[in-house]
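**Student:** Spelled out, the chains give:
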Amino acid sequence: MNVYLPIAEMSVSVFVLFSMGAGVGFLSGMFGVGGGFLMTPLLIFYNIPPAVAVATEANQIVASSFSGALAHFRRGTVDIKLGIMLLIGGVIGAGLGVLIFAKLREIGQLDLIISLLYVVFLGTVGTLMVIESLNAIRKSRRKGEQEPAVLPRQRSWISNLPLKMRFERSKLYLSVIPVIALGMLVGILASIMGVGGGFIMVPAMIYLLRVPTNVVIGTSLFQIMFVTAFTTVAQSAANQTVDIVLALILMVGGVIGAQFGAQMGQKMRGEQLRALLGLIVLGVCARLGWDLVATPDELYSLGEAAH
Amino acid sequence: MLRVTITVLFALVATKVTAEDLRIGLSDPAVSIESNFVGTQVAVFGSIENPEPLAIERDAYDIVVVMQGPPTQVRVRRKERRFGIWVNGAGQVFDNVPSFYTIASTGPLREVATEESLESLSLGFDKLDVSPLIDADTPRSEEELASFRASLNRLQVADDLFVEEIGGVEFLSDTLFRARLRVPANVPIGHHRARAFLFRDGEFLITRSVLLEVAKSGFEQQTYNLAQRNGLLYGIMAVFIAMATGWLASVVFRKD
Chain Y
1 MNVYLPIAEM
11 SVSVFVLFSM
21 GAGVGFLSGM
31 FGVGGGFLMT
41 PLLIFYNIPP
51 AVAVATEANQ
61 IVASSFSGAL
71 AHFRRGTVDI
81 KLGIMLLIGG
91 VIGAGLGVLI
101 FAKLREIGQL
111 DLIISLLYVV
121 FLGTVGTLMV
131 IESLNAIRKS
141 RRKGEQEPAV
151 LPRQRSWISN
161 LPLKMRFERS
171 KLYLSVIPVI
181 ALGMLVGILA
191 SIMGVGGGFI
201 MVPAMIYLLR
211 VPTNVVIGTS
221 LFQIMFVTAF
231 TTVAQSAANQ
241 TVDIVLALIL
251 MVGGVIGAQF
261 GAQMGQKMRG
271 EQLRALLGLI
281 VLGVCARLGW
291 DLVATPDELY
301 SLGEAAH
Chain A
1001 MLRVTITVLF
1011 ALVATKVTAE
1021 DLRIGLSDPA
1031 VSIESNFVGT
1041 QVAVFGSIEN
1051 PEPLAIERDA
1061 YDIVVVMQGP
1071 PTQVRVRRKE
1081 RRFGIWVNGA
1091 GQVFDNVPSF
1101 YTIASTGPLR
1111 EVATEESLES
1121 LSLGFDKLDV
1131 SPLIDADTPR
1141 SEEELASFRA
1151 SLNRLQVADD
1161 LFVEEIGGVE
1171 FLSDTLFRAR
1181 LRVPANVPIG
1191 HHRARAFLFR
1201 DGEFLITRSV
1211 LLEVAKSGFE
1221 QQTYNLAQRN
1231 GLLYGIMAVF
1241 IAMATGWLAS
1251 VVFRKD
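The listed protein sequences correspond, in order, to chains Y and A. In terms of this note's numbering, the first sequence opens at residue 1 and continues consecutively. In terms of this note's numbering, the second sequence opens at residue 1001 and continues consecutively.
Be a bit skeptical, because a hint or two may be false.
[Unchecked claim] Listed next, with one range per pair, are the computed distances between beta-carbon atoms: (1) Y:102 x A:1138: 20 to 28 Å; (2) Y:203 x A:1190: 22 to 30 Å; (3) A:1043 x Y:73: 55 to 63 Å; (4) Y:116 x A:1119: 42 to 50 Å; (5) A:1071 x Y:47: 41 to 49 Å; (6) Y:73 x A:1211: 54 to 62 Å; (7) Y:295 x A:1167: 49 to 57 Å; (8) A:1129 x Y:286: 23 to 31 Å; (9) A:1184 x Y:207: 45 to 53 Å; (10) A:1080 x Y:128: 54 to 62 Å.
These aren't lab readings, by the way, just hints derived from the structure by calculation. We treat Cβ as the ideally placed atom computed from N, Cα and C, and that holds for glycine.
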């Protein structure tokens, strides 16, 4: 069954899109990640115009992060104050990102930059994940059981920055500068790459800001939800590239897939999950990287003339 | 005697004056794009009025039917290898490119019409009245322009936006003809014009045209219009739909 996407202006198979949504949803439920970094490249591989893929994916992430954030709210594992500080940076970053996005589209280099950013970030994060999880697997084999990671007490240069603020929920007293900067970075990436940015936010919160792990996920989801909501509205207002029909199909597939993924995830061991996810991430990275360096079949392409 | 001669002469002149004419019509005056739109077919019907019986006997008549979408500007880009990766170059803008162009004929264009008439009527992908916009900063040689122009045609053909259907026009009787034109799923919206051209022994006689309206309908139309005219409101609605879906999921699949 085909459906005509009013903004992408193309006819696509509902079944294929729904399966993509469910498949990525399954992985995101299993690994506890947003899945935007898998979904956006998949949409591009499926010939959805990159501009539409990125903006629409932001809209889908609103749905998945909202349902996740609600669950964390009920459990009280969200540091709202920290989330709002991250959000301030996120909104500034997303606003900047949408402007950069429009500019890149105008000069015809948007697709290239999206691919490059994906290759760099997926390559880095995937490699780190595989190395870290392989070490963990080796360690747990040697000792028989896994030790909780011990974080060094010192917070290095970050603790010397001014404008400190107390975050009661996280039991932290730290400068808002790195918090807002992190929010901004993730906001820019969210709007240009069509991702939530959890894959950068979560490690940065744990290792740089030393946020307790029990509030990291909830707080990051809280921030991602608002930033992607802002991105959706900004992309729609500035670039008219949010396809609501496409988003809805992906959302429904995504939330259903995520439920089965979450059940599967509970049966698997953490480090094996992370190694598997790392390999998937590297696979997507390799495919995108190959498309950049391999001689294309068609050297020419058509685009809008407007300058 | 003189009077008879004059009458005969008059009759001969009269047949000369009432030359061939064309009448055409569409199977459907509009194409509406709905959620299940996967492309469609439009038929252009027509008849040759006042045909010459001798020409009919000799099969001298040929028809070319063209359907053309609103003209646009298109930028053709060429990828260049820089630092090992393929990057889009500056490209070349062409003006007056039909956003959609389909041409059907009773036979191969070169047999239907003379080269001069194809040229003067802009019939065929290569003959289209498409003009490159010359950018003073990036001078281009004739060869480069030609290769950009050839790529434009090739890519439009690959996207189903330039279509050629040799033999796509059939005669249903001696004077009645029908052209079936394929309208792809990605047809641009707007006013399209269907034109029929009548040729006799390769010589152009007359052309007639009708309008075809291609529009999104119902939900597709409203969605598209809202996105274009009020992107802010559209974005806010998109966010609310997403939040409703997310909330519904968290209620349905609630575990605690």
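**Student:** If a hint holds in the structure, say so; if it does not, say that too.
**Tutor:** Structure-based check of all given hints:
no.: 1; hint: Y:102 x A:1138: 20 to 28 Å; in the structure: 23 Å, holds
no.: 2; hint: Y:203 x A:1190: 22 to 30 Å; in the structure: 50 Å, violated
no.: 3; hint: A:1043 x Y:73: 55 to 63 Å; in the structure: 60 Å, holds
no.: 4; hint: Y:116 x A:1119: 42 to 50 Å; in the structure: 45 Å, holds
no.: 5; hint: A:1071 x Y:47: 41 to 49 Å; in the structure: 26 Å, violated
no.: 6; hint: Y:73 x A:1211: 54 to 62 Å; in the structure: 57 Å, holds
no.: 7; hint: Y:295 x A:1167: 49 to 57 Å; in the structure: 37 Å, violated
no.: 8; hint: A:1129 x Y:286: 23 to 31 Å; in the structure: 46 Å, violated
no.: 9; hint: A:1184 x Y:207: 45 to 53 Å; in the structure: 52 Å, holds
no.: 10; hint: A:1080 x Y:128: 54 to 62 Å; in the structure: 33 Å, violated
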